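Peer 1: Given next are the chains, with one letter for each unit.
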Amino acid sequence: MQEQIQVNSINRAFQAIILIASFSVLDFIILADLSFTFDFSLADSISFFVFTSLFALLIFTIQRNHHSKKVLNSQNIGTVILFVILGTYFNYLVVSYFDGSSLVFIEFFWTTIIIKMLFILLLLFILLFIFWIDQQKLQEVQFQKFVIGKEKETSKIQLNSLQQQFKPHFLFNSLNSINALTMHNPEEARKMIHLLSEFMRGAVKKDQSTMIPLEQEINHIQLYTNIEKVRFGDRLTVNFNVPEECQLLLIPSLILQPIIENAIKYGLYGHTENVIIDIQVNCQKKYLVVKISNPHDPNTQLSSKGTGYGLSSIRKKMLILFNQHNLLLTTEKNGIFTTTLKIPQNEI
Amino acid sequence: MKFKVIIIDDEPLARSIVKSFLLEKDDIEIVAECNNGFEGVKEIEKHQPDLIFLDIQMPKINGFEMLEIIDENPSVIFTTAFDEFAIKAFDNSAIDYLLKPFTQERFDKALAKWKKSTSSKSEKNAIDSVASKQPDEHLRIVLKEKGAIKIIPTSEVY
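Chains as they are written, first to last, in numbering that gives the first Met the number 0: chain D, 0 to 347; chain W, 0 to 157.
Hints in this document: simulated from the structure, not taken from any laboratory.
Careful, some of the hints might be misleading.
What the hints assert, rightly or not - Just so you have them, the derived chain W footprint on chain D, three or more residues with Cβ under 8 Å: (1) 176-187; (2) 220-233; (3) 262-275.
Unchecked claim - Taking lysine-lysine and the DSS-like style, the derived pairs with C-alpha atoms no more than 25 Å apart in a straight line are: (4) W:Lys18 / D:Lys190; (5) W:Lys114 / W:Lys24; (6) D:Lys315 / D:Lys284; (7) D:Lys228 / W:Lys18; (8) W:Lys3 / W:Lys41; (9) D:Lys228 / W:Lys59; (10) W:Lys112 / W:Lys3; (11) W:Lys87 / W:Lys115; (12) D:Lys69 / D:Lys166; (13) D:Lys166 / W:Lys87; (14) D:Lys264 / W:Lys87; (15) D:Lys332 / W:Lys59; (16) W:Lys87 / W:Lys24; (17) D:Lys264 / D:Lys166; (18) W:Lys41 / W:Lys108; (19) W:Lys59 / D:Lys166; (20) W:Lys59 / D:Lys264.
These figures come from a predicted structure and were not determined experimentally.
Ideal Cβ placement from N, Cα and C applies to all residues, glycine included.
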């Protein structure tokens, strides 16, 4: 595309020179026809060609660097008029060098000055329109490229955020459990399919930047933990403690699931015993506080790989949404890892 | 004689699938089911199985780490939802790598692959053991022809 635009620019410059040269030849023919000397006519038409080409180049540069949505704006009209005046003046200076003292020349110059200026004006306006249209097309192409790039970027972000909501192996493991249940317990398999589809619908549909009531977010989390309980059986217990008065407070949608996923992962894969995950909610004056605790063994290989429990993206999201640091805190005490999320109220 | 098999997976339902797929195989006996790698190590040492079905992500130690602990590894078919460990699995001499959820057909294919590898291995072992019993191996040549093993004295070769 870039190459094509470059080729078009070269073609356009060539076309502009041909156009200016045609006007110059016409100028020469008219003067010669009016019985002016060959030198005089040639000097006039060459000076016309040189100055008009120079102004055309300047108009082209202005269009390239200061393109406006309107072609006939004050900047463009002013520039063309200025160039017409300068062009006429420079043309007078050059031609007068050849026949400056001649009365015939002076008379000719003043009687034809308006026609000459209109001549230059017409040519410069034609070139202005051509360059403006070219630049307009170029900008449209660039804008389309920009839009396509943005769309790609947006879909990548959406995909990443979707992956953040559930890791692909969670889905495949859940489908594997359904596969097993269909053989021995079809009723339970149907329930699991319902849980999984409800969970996925919630994860796909919700916009992560919106605030939703806590009860909605907890319902979504319960779908997730119920699926995990089917997978891991008695090994996993999840306790919810959500006071009634906190249910309608607002929380960014889908923010808790990655934290719970981490808690379950590090709880279950760090221990061979049964694991309890606690989800504790408190309403404070300006904040809704959610604490998620899981057993933690710092000596397991899983923990030593530590990516800060994968919480950095949640920390970043909280900073973007609330413009406040320290809304996500983590502590470890007596083998229990606790993640505390503070959600400011009345902020969005 | 039946082949001894152990299933090692921390998800009960995932183990139950492998179990059901093995139910109709008359020549296979499931000698143990394990919840994690530690149980796996104990049961493998106890039963010396011919084949294990092994999950990768498990509590405390993963499937690869468990294999590192065992002195003599049995044949391994990995069963996992992660596709990114396939190369590592085959580096660890895996017979096959089953991605969850898998079908009975795919499972049977993996089993057939294992049987093929064990039969060629046992043939090789048989040849090796016969050859190793000879006081002077240069006196005989051991050949395999149409599945049968032939031992020819070098004096008969012209």
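Peer 1: All the hints need checking, so say for each whether the structure fits it.
Peer 2: Results for each hint:
1. 176-187: Contact hint for the stretch 176-187 of chain D vs chain W: holds, 7 residues under 8 Å.
2. 220-233: holds (count 4)
3. 262-275: Our answer is that it holds, as 5 residues pass the Cβ test (under 8 Å) against chain W, meeting three.
4. W:Lys18 / D:Lys190: It holds: about 23 Å lies between the C-alpha atoms, which stays within 25 Å.
5. W:Lys114 / W:Lys24: Measuring from Cα to Cα gives roughly 12 Å; hence the hint holds.
6. D:Lys315 / D:Lys284: holds, 24 Å
7. D:Lys228 / W:Lys18: holds, 21 Å
8. W:Lys3 / W:Lys41: Roughly 15 Å between the alpha carbons, so the hint for Lys3 of chain W and Lys41 of chain W holds.
9. D:Lys228 / W:Lys59: Given that 25 Å is the threshold and the Cα spacing comes to 19 Å, the pair holds.
10. W:Lys112 / W:Lys3: holds, 16 Å
11. W:Lys87 / W:Lys115: Distance of about 22 Å is within 25 Å: holds.
12. D:Lys69 / D:Lys166: violated, 51 Å
13. D:Lys166 / W:Lys87: Distance ~21 Å between Lys166 of chain D and Lys87 of chain W Cα, so the pair holds.
14. D:Lys264 / W:Lys87: Satisfied, since the Cα-Cα distance of roughly 22 Å is no more than 25 Å.
15. D:Lys332 / W:Lys59: Satisfied, since the Cα-Cα distance of roughly 20 Å is no more than 25 Å.
16. W:Lys87 / W:Lys24: violated, 29 Å
17. D:Lys264 / D:Lys166: holds, 11 Å
18. W:Lys41 / W:Lys108: violated, 28 Å
19. W:Lys59 / D:Lys166: Measuring from Cα to Cα gives roughly 20 Å; hence the hint holds.
20. W:Lys59 / D:Lys264: Given that 25 Å is the threshold and the Cα spacing comes to 11 Å, the pair holds.
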